[in-house]
Amino acid sequence: MCNKNRISSRRCLSGLLGLALMAGLSSGESAELRGTGDLGLVVERANGSLTAINTTSRRSLGKVTGLGDLSHASLVYSPDERYAFVFGRDGALTKVDILENRIVKRVEQAHNSVGGAISQDGALIATSNYDPGGVRVFSADTLEKVTDIKAEYGEGQLAKVVGLVDAPGQKFVFSLFEAGEIWIADLHDPNKPVIQKFKAGKEPYDALISPEGRYYIAGLFGEEGLALLDLWNPEAGIRRIVPEYAKNDPKLPVFKMPHLEGRALIGDYWFLPAVGHHEMLVIDRREWKVVRRIPLDGQPVFVIPRPDERQIWVNFALPNNDKLEVIDARDLTVVKRLTPGKAVLHMEFTPKGHEVWVSARDDDRVLVYDTETFRELAQIPAQKPSGIFFTARAHRLGL
Amino acid sequence: MRRGLALLVALACHPVMADLPTAERQTALLDLLHQDCGSCHGMTLQGGLGPALLPPALERKSEATLIATILEGRPGTAMPPWKSFMTQPEAEWLVAQLKHPVKSEDKPH
Chain U
1 MCNKNRISSR
11 RCLSGLLGLA
21 LMAGLSSGES
31 AELRGTGDLG
41 LVVERANGSL
51 TAINTTSRRS
61 LGKVTGLGDL
71 SHASLVYSPD
81 ERYAFVFGRD
91 GALTKVDILE
101 NRIVKRVEQA
111 HNSVGGAISQ
121 DGALIATSNY
131 DPGGVRVFSA
141 DTLEKVTDIK
151 AEYGEGQLAK
161 VVGLVDAPGQ
171 KFVFSLFEAG
181 EIWIADLHDP
191 NKPVIQKFKA
201 GKEPYDALIS
211 PEGRYYIAGL
221 FGEEGLALLD
231 LWNPEAGIRR
241 IVPEYAKNDP
251 KLPVFKMPHL
261 EGRALIGDYW
271 FLPAVGHHEM
281 LVIDRREWKV
291 VRRIPLDGQP
301 VFVIPRPDER
311 QIWVNFALPN
321 NDKLEVIDAR
331 DLTVVKRLTP
341 GKAVLHMEFT
351 PKGHEVWVSA
361 RDDDRVLVYD
371 TETFRELAQI
381 PAQKPSGIFF
391 TARAHRLGL
Chain B
1 MRRGLALLVA
11 LACHPVMADL
21 PTAERQTALL
31 DLLHQDCGSC
41 HGMTLQGGLG
51 PALLPPALER
61 KSEATLIATI
71 LEGRPGTAMP
81 PWKSFMTQPE
91 AEWLVAQLKH
101 PVKSEDKPH
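Protein chains in written order, with my numbering: chain U, 1 to 399; chain B, 1 to 109.
If we strip away everything but chain B, and leave its shape as in the complex, we get:
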């Protein structure tokens, strides 16, 4: 028990792990992705008025570009900035999900 707690504390203090959204936020972010980003990109992310967001479509785009696009939007296009809905680490997590989706989590709710 004590050891488990120590491990949890160690994990929480790890610079990368500390930035991971909580399980609850992860669910909320995936929900936002499929339901709301989905208004333009399609609920299954295969594209709509906005481009597809499936791994092959994002292959040649860098993480940094994608994170900036999510947070700041793309001026001159219909893509708005989403920074009022998520933090930088959350956008980083979301981009990782987009590039390497975990099948079970990726299903629309």
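Looking at chain U on its own, in the form it has when it is part of the complex:
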């Protein structure tokens, strides 16, 4: 604002100070300077609101309302950890300031969406759209549309886009559900994305990118196995991995699609949810083979290692969605079973892993556990909470 009006920087500064003083006076206290590294947002899916939380004080900092349909909503953070970009199911993209707990800008960019990503440089926001099927790219600053990537296949049909992640080299990678394809979009020139397309397999339902940003892996619903793309060597094309596992076991009905998590890599081992089985798969990435199947009490949805990689935490699909299981990474056995409440949808670790925050949708609360003692430390009220997102995600690829 100051630059636009060409006021000298000195006058501008004094003006700002005056404003700050007035704001301080009117509320009867001086404004508090603070960082955002211990803040986070909890999605309240049914009310179209977010509850801001502080992970140090384990308290709610208030709500941001008016975000529309937030079922299956997710969000990403700006590199300065101040702004959240919230992807609503109804196609809305909302920029939220978590210091001021308010909506900065909101655009209705599609009719039906499922998530999004922020570019490596933090300048671009990409949305993953079901209707109209494709990816739309926006300026993170203004939310103005930069480019539209239609997920065209066959004879002009549009596919639903899933598994959208950011990748090194100013790229976005995503999967096309009906088309069975994986696309890489290079946005060095945001107005002219360069697209590479790969045949992946039947019905990719979600995908992950490895923590260093090299491997993109899509889960396939329509056939066995996973589709692997090595982004260091995309010319090699898609490699189908672990197609053989559990081929002869009858699959159980899947009441909730699992999520794939890029963080689920410990050393050379991927820990992934098995689709339609009460088990977690351990895949050795040197040979891309299933080396262990860990029996669980239900069908896993999220499989997330504690940041120090000593434990792996799992939640479950209906009808076992009241539970959490903790697996010890040393011997791959279940060492703890917790029942946090009804419809446990998500969990988020503090950046160094001493606590895990868990949403229990049908109990309208978020629970905080000590991951060493498994003691419950706090409960924070939230209406139908689903995803929990801490600001530390700002500095991780694929989150």
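FYI, nobody ran anything at the bench for these hints, they're computed from the structure.
Cβ coordinates follow ideal geometry from the N, Cα and C atoms, glycine included.
A hint or two may mislead.
Unchecked claim - Here are the simulated EDC-like cross-link-like pairs (lysine to aspartate or glutamate), alpha carbons at most 16 Å apart as the crow flies: (1) 336(U) - 372(U); (2) 251(U) - 72(B); (3) 289(U) - 224(U); (4) 342(U) - 31(B).
Unchecked claim - To be clear about the criterion: a stretch of chain B counts as covered by chain U if any three or more of its residues have a C-beta under 8 Å from a C-beta of chain U, and this derived list gives those stretches: (5) 32 to 38; (6) 42 to 48; (7) 73 to 81.
Place chain B on chain U using the hints.
Relative to chain U, chain B alone:
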């Protein structure tokens, strides 16, 4: 009072009324619909990975087809059988709700 009771008994014995889920089950079924079916069909049923379940989308589908789809699932697709979560009469009630939603009840909770 007595007459009221007699009426209640009569209603309960009526073949159609007897099949209606209790108010508590109705709430639970609508909750399941929006929250859990909603994982794929969208919480407002406008569609997601699964198709939309709003009245216009279901107009040309028969009750019998929809009830069978809910209870038995659709092999070859991601639609699982929900018969372990509800009875046949409950599925019938749910399909009636889908085809002719009552506005106040249809809101997600």
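Comparing the hints with the structure gives:
Among the hinted pairs, residue 336(U) with residue 372(U) is consistent with the structure: their alpha-carbon atoms are about 11 Å apart, no more than 16 Å. Taken as a hint, the residue 251(U) and residue 72(B) pair is honoured in the structure, with Cα atoms around 15 Å apart against an allowance of 16 Å. Pair hint residue 289(U) plus residue 224(U) holds up; C-alpha atoms about 13 Å apart against a cutoff of 16 Å. With a C-alpha separation of about 13 Å, the suggested pairing of residue 342(U) with residue 31(B) holds against the 16 Å cut-off.
Taking a C-beta to C-beta cut-off of 8 Å, the segment 32 to 38 of chain B contributes 4 residues in contact with chain U, enough for the three needed, and the coverage statement holds. Beta-carbon proximity to chain U at under 8 Å applies to 6 residues in the segment 42 to 48 of chain B; the threshold of 3 is reached and the given coverage holds. With a cut-off of 8 Å between beta carbons, the segment 73 to 81 of chain B has 4 residues touching chain U; three or more are needed, and the interface restraint holds.
The structure meets every hint from the earlier list without exception.
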